[in-house]
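Engineer: So you can see what is in the structure, the chains are spelled out below.
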Amino acid sequence: MKKKWIVLLLTMAMVLGALAGCTGGGSSDGEKNGDGAKVENDTGSESVNNASTGVQKMTVWCWDPTFNINAMNVAAEIYKKDHPEFELEVTEISAGDIVQKLATSTSAGNTADVLPDVILFDDSLVAQEVVSYPEVFMDLTDAGIDFSEFSEGKVACSVVDGKNYGIPFDSGAAIAAYRTDVLKDAGYTIDDFTDITWSEWIEKAKVVKEKTGKALINGQSSYNQVTVMLKSCGGSYFDEDGNIDIAGNKKIKRVCELYLEMLEAGVYQEEVGWDTYIGNINNGNVAGAMNGCWIMSSIQAASDQSGLWAITNVPSVDGVDDATNYSSQGGSTWTITNECKNVDLVIDFFNSTFAGSKELYDTILSTCAISTWIPAGESEAYTEEVEFYGNQSVYATIVDYTAKIPVSVINAYDASARQAVCTAITNVAFSGADLDEELVAAEETVSFEMEQ
Amino acid sequence: MKLTMRKKENLVGWAFLAPAVVLIVIMNFVPIIQAMIMSFQSGRTGNMTFTGLTNFTRIIRDSRCIDALKITLEYVVVTVPLILALAVIMAVLLNDPKLKLKGIYRTCIFVPAAVSMVASAVIFRSLFAADGFVNSVLMNLGILENGYNFLGHPSSARIILMMVRVWKMLGYQMIFYLAALQSIDSTIYEAAKIDGATGLQQFFQITLPMLKPTMVFTIVMSVNAAIQVYDESVNLTNGGPGNATMPIAHYIYGLAFNGVPNFGYACALSMVILIVVGAMAMIQMKVGDRRE
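Line order of the protein sequences matches chains C and A.
Its first residue numbered 1, the first sequence is counted upward by one per residue in the working numbering.
Its first residue numbered 1, the second sequence is counted upward by one per residue in the working numbering.
Derived DMTMM-like pairs: lysine to aspartate or glutamate, alpha-carbon spacing no greater than 20 Å straight-line:
{"#": "1", "chain 1": "C", "residue 1": "Lys211", "chain 2": "A", "residue 2": "Glu145"}
{"#": "2", "chain 1": "C", "residue 1": "Lys404", "chain 2": "C", "residue 2": "Asp322"}
{"#": "3", "chain 1": "C", "residue 1": "Lys80", "chain 2": "C", "residue 2": "Glu359"}
{"#": "4", "chain 1": "C", "residue 1": "Lys3", "chain 2": "A", "residue 2": "Glu9"}
{"#": "5", "chain 1": "C", "residue 1": "Lys204", "chain 2": "C", "residue 2": "Asp318"}
{"#": "6", "chain 1": "C", "residue 1": "Lys358", "chain 2": "C", "residue 2": "Glu149"}
{"#": "7", "chain 1": "C", "residue 1": "Lys206", "chain 2": "A", "residue 2": "Glu145"}
{"#": "8", "chain 1": "C", "residue 1": "Lys80", "chain 2": "C", "residue 2": "Asp344"}
{"#": "9", "chain 1": "C", "residue 1": "Lys209", "chain 2": "A", "residue 2": "Glu145"}
{"#": "10", "chain 1": "C", "residue 1": "Lys211", "chain 2": "C", "residue 2": "Glu264"}
{"#": "11", "chain 1": "C", "residue 1": "Lys184", "chain 2": "C", "residue 2": "Glu200"}
{"#": "12", "chain 1": "C", "residue 1": "Lys209", "chain 2": "A", "residue 2": "Asp131"}
{"#": "13", "chain 1": "C", "residue 1": "Lys250", "chain 2": "C", "residue 2": "Asp322"}
{"#": "14", "chain 1": "C", "residue 1": "Lys204", "chain 2": "C", "residue 2": "Asp181"}
{"#": "15", "chain 1": "C", "residue 1": "Lys4", "chain 2": "A", "residue 2": "Glu9"}
{"#": "16", "chain 1": "C", "residue 1": "Lys206", "chain 2": "C", "residue 2": "Asp181"}
{"#": "17", "chain 1": "A", "residue 1": "Lys193", "chain 2": "A", "residue 2": "Asp96"}
{"#": "18", "chain 1": "C", "residue 1": "Lys358", "chain 2": "C", "residue 2": "Glu380"}
The set of hints was computed from the structure by calculation and includes no laboratory data.
With the sequences and hints as input, model every part of the structure.
Structural biologist: In structure tokens, the structure reads:
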């Protein structure tokens with residue numbers, strides 16, 4: 001009998017322990033909350049006396065160790081030269097998990113315990129998150145950052161209601177990268193794909209397909225491709241007043257038509273997952289890639305293809321107004337949360353690094369992080385000829401593209417709208433639906449989502 | 001107060017139940033009740049107001065929700081009976097005392113259940129990729145001329161999702177049937193044999209009726225799980241192409257965590273699913289558990 005009670009007591013203790021663990025976890029220091037791997041900065045400096053100097057630590061959420069986290073660490077190294085007491089703590093957390101953690105922490109009301117000082121967002125998500133959680137993000141309009149030194153289109157991604165909410169980071173300028181050896185087999189050079197229209201592109205891509213059996217480009221579903229095409233003519237799913245504009249939008253319809261045409265011709269290969277998307281580029285199943293310029297770091301992963309690639313601008317959408325050969329897709333922006341413990345420190349950090357250090361951008365150029373901070377583009381490192389792209393000076397080329405990207409209207413519901421349009425495309429492509437009807441349905445879906 | 005022995009025993013019993021009950025209440029029931037409250041609210045996260053039944057009336061007008069429900073229903077109707085039938089057949093075959101190496105067979109069939117969904121999704125994605133194993137085989141056999149993008153087409157993608165489900169759940173359910181089969185007294189079969197029953201007759205007259213309680217249990221479980229199917233579509237197709245493989249649980253998740261969040265509506269939809277699952281379970285118990 002006695003034993004029984006002891007067991008019982010122990011069990012109760014276990015339960016209480018478990019519960020204490022659950023509730024205790026939330027209130028402890030924010031650093032315990034990262035469910036991704038914690039990335040330590042490499043100095044391992046002693047914790048400083050916070051009482052006398054203020055908090056000298058900056059916490060950051062971002063993803064991709066070789067790209068964003070690397071850039072942050074390089075920036076911290078630069079900043080530490082003048083501020084030896086500065087400490088950086090980066091938590092690696094995927095872009096999707098960031099959105100999720102924002103949702104759960106705001107609805108649980110414990111943002112103070114969970115959120116870091118700085119969060120990185122994909123450009124297409126900044127407006128959505130700021131509109132969804134206005135109390136979370138700091139208005140940086142008068143925070144002392146000179147936004148005029150960044151490229152205009154990029155800054156616009158993080159402006160909501162005329163207020164700046166983000167510090168631009170890497171460029172999402174769209175590039176078209178092709179395998180010059182495959183093009184040669186089809187009788188083309190990279191110049192044949194420069195400054196052309198989509199209709200011309202499709203005709204040439206058909207020739208490539210016929211002669212080499214390869215689709216010219218691929219993409220994960222239609223998401224990124226449609227964005228590249230639509231943004232190249234300054235198109236948007238919404239008008240400037242925030243009203244949905246899909247069903248009667250000539251640009252969207254033309255983009256859909258062109259997309260369907262290249263899908264039909266087999267010159268664009270739809271992939272289900274990101275892994276197969278990158279995989280088919282790297283193993284040469286497709287003859288090119290078209291995306292934001294950050295895709296270069298994935299292309300270059302196949303080091304055996306050095307010298308076989310070249311980049312150029314994207315085709316322009318023929319048959320609509322404002323068509324250009326420049327566009328953007330992806331790229332990301334740093335935001336500062338209202339939970340930031342030492343705002344002056346964080347602003348000073350950004351002014352000395354991402355908004356003020358050529359050294360930083362020169363260093364991270366090797367990871368293909370192209371600056372949107374205009375002075376960095378004037379640096380000598382950007383004129384370097386890159387062997388992988390047949391000694392083309394790709395960085396300078398991309399900086400040039402970045403400056404020419406048309407500005408499009410940004411809306412918090414962009415992601416929903418893009419999803420709806422891509423669904424319309426799928427329905428037309430695979431179920432034989434009528435494009436006009438599907439676009440009307442897409443508009444209805446989005447406006448349904450917007451009323452809440 | 002002096003407790004009788006029986007009362008004492010009861011008390012001890014309840015005390016042992018208490019830890020589990022406390023945990024389940026806090027981890028499951030409290031969130032369910034909170035979700036229930038939230039289903040009557042709408043507005044921005046962290047700043048929601050009560051809006052009565054608007055979230056529920058919204059469901060009727062939501063065409064994407066109806067599509068997701070259709071996909072889920074199709075999934076349930078196809079996978080549940082298929083898994084049930086295959087699991088019973090496998091279990092009966094593997095229960096044969098004369099069969100050699102059955103440990104190996106059983107393990108092979110059970111292994112998929114132990115593989116994490118993400119890992120199996122990666123395997124199936126590469127199997128059915130445009131240049132994957134399945135396409136290579138079909139092309140080498142001359143059935144296909146070019147690689148077919150199985151996961152890129154709505155109907156084939158749905159079929160593959162169902163296949164993954166069957167592949168994963170088969171072994172798991174088979175274990176239940178094996179356990180049930182082993183608890184059937186062999187003397188019953190001997191008696192039946194003496195009476196001249198054929199193998200088929202034994203199966204339909206003895207095995208199946210004896211397995212009925214297990215069947216009710218596994219059907220309730222698998223219908224339940226199939227209605228809430230989520231990880232297959234997330235990991236394999238992410239709901240695509242378009243929304244062709246987006247079941248209701250995935251849709252609800254998206255409402256709350258992708259795009260501009262709408263927690264109130266997501267909660268309202270989950271409540272509807274809760275009611276549907278509860279009702280289904282009740283009907284199945286009533287139908288399956290008729291004790292003569």
